[in-house]
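S.K.: Residue numbers (the numbering used here), protein chains in the order written: chain A, 223 to 306; chain B, 1410 to 1774.
By construction, these hints were calculated from the structure, which means they are not laboratory data. Mixed in with the good hints, there may be bad ones.
Under 7 angstroms between C-beta atoms, here's a sample of chain A residues computed to sit facing chain B [what the hints assert, rightly or not]:
1) T229
2) Q237
3) R238
4) R254
5) P256
6) R257
7) Q262
8) C264
9) H283
10) N285
11) L304
For glycine and all other residues, C-beta sits at the position ideal for the given N, C-alpha and C.
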Amino acid sequence: MKFCLITFRSVTPAQRAESVLHRAGFECNVQRTPRWMEEQGCGYSLRVKFPDVMRCVELLHRNAVSFRKVYLLKEKGTVEELAV
Amino acid sequence: MIYLDNGATSFHKPLGVADAVRRAMFTCANPGRGGYGAAMEAANVVYRCRERAAQLFHCQPEQVVFTSNCTHALNIAIRTLVKPGSRVVISGFEHNAVTRPLHAQGAEIIVAGRKLFDWGDTLREFEMALRRGVDAAVFTHVSNVFGYILPIEQMAKLCKQYGVAFVVDAAQSAGTIPIDFQALGADFIAMPGHKGLLGPQGTGILLCSRQPKPLIYGGTGSNSKDQNMPDFLPDALEAGTLNVPGIAGLSAGLEYLLQADLDSIAQKEKKEAMFCAHKLEKMGFRVFAGEHQGGTISFVTQDDCEETAAMLARKNIALRAGLHCAPLAHESAGTLDTGTVRVSFGHDASRRQSLALINALGNAW
């Protein structure tokens, strides 16, 4: 199973996103954003299943939850930023 | 003890409040900083409290900013809206938590509406001030001295009509009278966490609908490379480590209120306040009570108000006398020289409390 990281500028929007997605039945959890992904220094992310990611992003847009970027975590530790 | 000083702080909290504080002490690290279990537990405790406050006051969780008390929240709101020389209209019943920050900012303060329990006077004077031109309005929802419930919905409409930013001081109403932040359209609403919201002392909330100016600067766990404070809520106003045990307790208080019926709490408090007012008047005291009355009343005795409070304290009845940090309200009511004895009921208001007070006063004279 592939996973994605949706990154947020701080813990509160990540938690709000988690709350929105949980209510809609998506599996996700808040974690620290890898340092290199967060240009501003520190941040939190939501880890979601790759097949769910576009529906999750759409849901976040609908609920006005702002996020920074979406990354696909690929095999062998490589990462790809997704255009959403 | 018969506790009738809920205007200062609620004393008989739901049992879950102390339990939540204790649990947080053992399970929570610093929220919004780390990613390990205890840090995330702290973040979850804090976020749950934001969600509960957002549910109670009809806003988004990010709009809920934690402060150390209502005064702290009011200072942020006032320093955001008011510059030196700004013209600011306030009601005649404001607490020093409003008037002192305005004074410190060098605002030109216009006091509008000084007749107790008179919505007509309050609205007429308030609109007159708006028409003459002001930069901001700050008004209390309920007088902390007299329990006068101001017509804040109408005052909010007037502010919108005249395009004036406004702050509501909900120190005495949050958790007792339903408040809809979204419908009211306030720029800020400030409230304590430890009064009607039944949380521990050292907690407060500022509801924000506009970009605020930070009062303190420091680490937020976000945008760390930028030397400016984050420009987004709640981080913009939450520099430094939050009072997690306090917020955990506040969250438990909010949970209790979300399951309760606020209207019935307000009615119960008012019923006992009016009962006491009626009895005290019959006993010959000068009582301040009226149509738009909350769960607080004030009265004047022939003795010094502090002596009356001390006599009641000896009979194990806790209430507050003096000026209640609101000299403006006393000036409006004509009690600045004497002060008053204040009786303020809480969510546990009961006839037993009222009768204990009446009996104690009856036996004293």
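S.K.: Of all the hints given earlier, name the ones this structure violates by number, lowest first.
M.R.: 1, 5, 6, 9, 10, 11
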